[in-house]
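Taking the hints into account, I'd like the entire structure generated from these sequences.
Protein chains: 2
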Amino acid sequence: MARVVVDVFLKPEILDPQGRAVQGALGRLGMEGVRDVRQGKQFVIDLEGDLAGDRAKLMEKLAGELLSNPVIEDFTMRVEA
Amino acid sequence: MARVVVDVFLKPEILDPQGRAVQGALGRLGMEGVRDVRQGKQFVIDLEGDLAGDRAKLMEKLAGELLSNPVIEDFTMRVEA
Chain A
55 MARVVVDVFL KPEILDPQGR AVQGALGRLG MEGVRDVRQG KQFVIDLEGD LAGDRAKLME
115 KLAGELLSNP VIEDFTMRVE A
Chain B
55 MARVVVDVFL KPEILDPQGR AVQGALGRLG MEGVRDVRQG KQFVIDLEGD LAGDRAKLME
115 KLAGELLSNP VIEDFTMRVE A
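So the protein lines, in turn, are chains A and B.
Using my numbering, you'd call the opening residue of the first sequence number 55 and step up by one each time.
Using my numbering, you'd call the opening residue of the second sequence number 55 and step up by one each time.
Calculated from the structure, these hints are not laboratory results.
All values reported here derive from a predicted model rather than from experimental measurement.
The reader is advised that the hints may include incorrect statements.
Since the list can't tell identical chains apart, any single copy or any two copies may satisfy a pair.
For lysine-lysine, the following BS3-like pairs were computed, each having C-alpha atoms within a straight-line distance of at most 25 Å [to be verified]:
{"no.": "1", "residue 1": "Lys65", "residue 2": "Lys95"}
{"no.": "2", "residue 1": "Lys95", "residue 2": "Lys115"}
{"no.": "3", "residue 1": "Lys65", "residue 2": "Lys115"}
{"no.": "4", "residue 1": "Lys65", "residue 2": "Lys111"}
As structure tokens, then:
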């Protein structure tokens with residue numbers, strides 16, 4: 055079994071209003087010195103069998119096209135265990 | 055500077071309809087053997103200074119009360135660099 059973790063974040067140059075809201079809320083609740091907050095999505099995908107070869111390529115393609123929007127988002131993908 | 059990463063996921067016993075939708079879509083797009091998908095949120099928080107002592111306790115409290123809903127969600131928090 056392979057566990058694939060895909061993190062999806064807005065590109066740095068795209069304004070992140072959710073992150074900005076969290077930044078403000080943290081400050082109001084007493085957390086000082088919060089320089090920046092970015093909010094992203096995380097997908098944890100459990101697969102039967104291993105992830106290698108063409109299957110890994112397909113997973114990477116789908117992470118970039120289905121799980122994230124390549125116009126405004128970046129993603130990272132890693133395989134655990 | 056400290057970077058805090060908080061991952062927030064629905065508790066295992068809570069149905070995750072977004073994850074279920076992604077699971078179905080991955081299958082339709084040719085990814086076979088997808089056993090489970092869970093979709094969560096990830097917050098990347100850049101702080102001035104270090105995170106230790108009372109400040110770390112406050113951050114952990116806010117991760118559990120502001121960034122996640124303790125009734126239906128679990129969170130993990132880690133400090134990078």
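At 25 Å max between alpha carbons, let me know whether lysine 65 reaches lysine 115 within a copy, between copies, both or neither.
within (18 Å within a copy, 28 Å between copies)
Alpha-carbon proximity between lysine 95 and lysine 115, which holds within one copy, between copies, both or neither at 25 Å:
The answer is both: 17 Å in one copy and 21 Å across copies each meet 25 Å.
First find the shortest C-alpha distance between lysine 65 and lysine 111 inside one copy, then the shortest across copies, and answer within, between, both or neither for a cut-off of 25 Å.
Intra 22 Å, inter 30 Å, cutoff 25 Å: intra-copy only.
25 Å Cα threshold - placement of lysine 95 relative to lysine 65:
both (13 Å within a copy, 16 Å between copies)
Violated hints: none; the structure is consistent with every hint.
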